[in-house]
Amino acid sequence: MNTTLLLIQVLNGLQFGILLFLIAAGLTLVFGVMDFINLAHGVQYMVGAYLGATLAAWTGSFWLGLLLALPATLLFGLLLEFLVFRHFYDRDHLSQVLATFGVIVFLNQAMKALFGTAPLQMPLPEALNGGIPVMDGLLYPTYRLAILGAGLAVAGLLWFLVERTRAGMLVRAGASNAPMVSALGIDIRRLFMLVFGFGAMLAGFAGVLAAPILSVEPGMGDAPLILAFVVIVIGGIGSIRGAFVAALLVGLVETLGRGMMPDLMRLFLDPSAARQTGAALASMLVYIVMAAILAFRPAGLFPARR
Amino acid sequence: MRWRDAAVPLAIFALLAIAPFIGFGQGYSLTLLARAMIFGIAAISLSLIVGGAGLVSLGHAAMLGIGAYGVVVLDHARITEAWIVIPAAMAAAGAFAAVTGAVAIRTSGVHFIMITLAFGQMAFFATSSLSVYGGDDGYTLYNRTELFGTRALEGRLFFHFACLGLLILSWALVETLLASRFGRVLRAAHQNETRARAVGFEPYRYRLVAYALAGALGGLAGVLLANGAEFVAPAYLSWQRSGDLLFMVILGGVAGPHGALMGALAFILIEEWLAHLTEHWRLIFGPLLILCVYFMRDGMAGVLRRD
Amino acid sequence: MTEPLLELRGLHKSFGGLTVTDDVSLELRQGEIHALIGPNGAGKTTLIHQISGTLAPDAGQIVFAGEDVTRLSLAQRARRGLARSFQITSLLPGFSALENVALAVQARSGSSFRFFRPALHEAALNDQAMAALTEVGLERRAALPAAALSHGEKRQLELAVALAMQPRLLLLDEPLAGTGAEEAERLMRILGELRGRYGILLIEHDMPAVFALADRISVLAQGKVIASGTKDEIRADPVVRDAYLGDEEAA
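Protein chains in written order, with the working numbering: chain A, 227 to 532; chain B, 18 to 324; chain C, 8 to 258.
Just so you know, these hints were derived from the structure itself, not from any lab. Fair warning: there could be bad hints in the mix.
Which residues of chain C face chain B? A partial, calculated answer using Cβ under 10 angstroms [as the list claims (entries may be wrong)]:
1) Thr61
2) Leu81
3) Ala109
4) Leu110
5) Phe120
6) Phe122
7) Phe123
8) Ala126
9) Ala171
Model, not experiment: these values are computed from the prediction. All residues carry an ideal CB built from backbone N, CA and C; glycine is no exception.
Next up, chain A with everything else stripped away, as it sits in the complex (with noise of 0.2 angstroms):
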């Protein structure tokens, strides 16, 4: 593998990492605000997608899509938050994890009722289709570079809010104490809300930014939902830092693992047999990583405060 390959390589494990992020930066501050294990929250990354690409059919317009699609998916979060999960807060993990995955089941099947099984296109806005130049004879698509640009912007702005605001405040005070916020008068399930439609939003805003380089499709929110749920795990159940410094490393550990693993194994093994194992054991990495980081830090890289 040469230098450009690798390149691009990192490049694609970091905008994939920085959707990751995206997605677990919300399910991380619901875990850790409201002790509420979501599941569904994969389907708000889903959601966002089918908005986005929807939105911007209807509009003609990639841009009005992705304007239209936030508040869509944030008023989708609060509607299921009204719905369903508030009627869970106070019930054990158990029954939390089951209604949240009735969640799933019914919204996967919706999709699948409402927009048929094919994968949805949702086409490249016009300014950002083409590539730039990273290196000597390497275009990388500029679409791609804006997802990053565009993730980092929200994680340091998600940084600002919880670090520096009242609101981001209390939010750090009441996952660590719920009942000395509300003691303090401070509405809590209000505040809940907020965190709730605010992480919703955050996954559907990475569903519509996925929504033209993947495609759109019933489940598509599953398999990033358990990455992330691997992300908060590595990171730190309720730490913004560690979702962010564990998003990135799994995006990179599982792209570069993919790319890798087979020509490493080719190494030790016949070519066909390096080309099983090599992709079995790239498909295993991430989890590898995960077992090996928790078996030394049972709480995580950054455990939140408690």
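Once you've looked at the hints, dock chains B and C against the given chain A.
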């Protein structure tokens, strides 16, 4: 074990035993019943760790899948004797459970849920990438597992009773385990971990053994699943399947394996019934699942016990 | 004199900037009832946590029966004969009173990796559990689930569980807390009967009870041992009177 807890499963076993002779003897019914019984075994194995030990695993489908792929690997090598296939597949699933459990059980609560989910997904992707065994497309068995070199398991009626026998054994095994010294420590650590430690037990070791045993028993269900369909695919290990299994346990009630048994049978029958109604049966199934979890806190077993 | 049953050497523990255990050294002799008293927030329960193994000290050493147990887990210490009761009752609510105690007997009666025989029917476990229940006067309540017992009975059950471990040292964290006068009296009688058979480290707020039961007393204030001695020595100690007992005794 309370008498009423045993009465329901015994009645179910009796019904399953006479079912082929009271109008459920045709191929379709027997296939459905076998499927229900196989998931009964799977749910019972999961109930050992969820109900007994309080370990909410969202990766149990991997145990079934590894059991099923055990059959595939041996079938590919033309080894089909049950007395080799079943122990080997169970050992493989148990070993996977022991290794992943050793990491997962160090954590608790929501961490445990996520980590078991992640390991389940790992097994899913690993089987998907095994192109020797069909990769994503799955693998069709050359023939069913043989018993002492005979094709006995290919007889529908024989297979029905083999599943029933193993179902009863699994139920009795988990009941016995939970009532034993070992099970008492598991249950105690579930109710109050500090108390269990304070009298001198390290819950970790007991939980790990329970997790591995549940994995092996799940592997047995996987062997039967592979044989019932004569086909195995990575979809057997999908995380939705793990969610289904967990739902079976909750639907029936976590109080004991009898709950899991009821939950699995009800789940498969409801699923089948809904699938007959509409192609989009999951639109009904999802909300139904949410309502069940919301309203039936102790599952079907709890509803039965309420006077 | 034989070696002490329990010896704390220079224990330190702090949470963030707050020092809760400050250079605590203490000796507890075989068979004595040693009371640990001090105002709220003096660090008594934190100290019990470190002795029993639920909290690790930042520095210092815990020697139990001649063995350094500082790095051992709660369960390992329990198996060596260190039994504790909890300030806030900590039982198995779904188990019967008898089974709560039988679990403790089981912990020291052979392997618990036994998978087939029903534990509920093991006569050897049940007999010893019943004996412990009888010792605390709970034999009539054996079949009730622990959750159904009264508060005082739960305290008695805690004690029975600790006794069933056949410990060498009992760590009792406010065994009388929240009990009524009659229940407290019964518990005190039971504790008195245990004197000489076990070493007992007793944390208690009820001063008459402490002075009635204890052989020796140590006083903890702001994480430090400010005095340690016999009842009379403690009663006469001006520092203690000043810091803690003063007003009560004068009244």
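These are the hints, each one checked on the structure:
no., hint, in the structure
1, Thr61, "7 angstroms, holds"
2, Leu81, "4 angstroms, holds"
3, Ala109, "8 angstroms, holds"
4, Leu110, "5 angstroms, holds"
5, Phe120, "6 angstroms, holds"
6, Phe122, "5 angstroms, holds"
7, Phe123, "6 angstroms, holds"
8, Ala126, "5 angstroms, holds"
9, Ala171, "8 angstroms, holds"
Hint violations for this structure: none, all hints satisfied.
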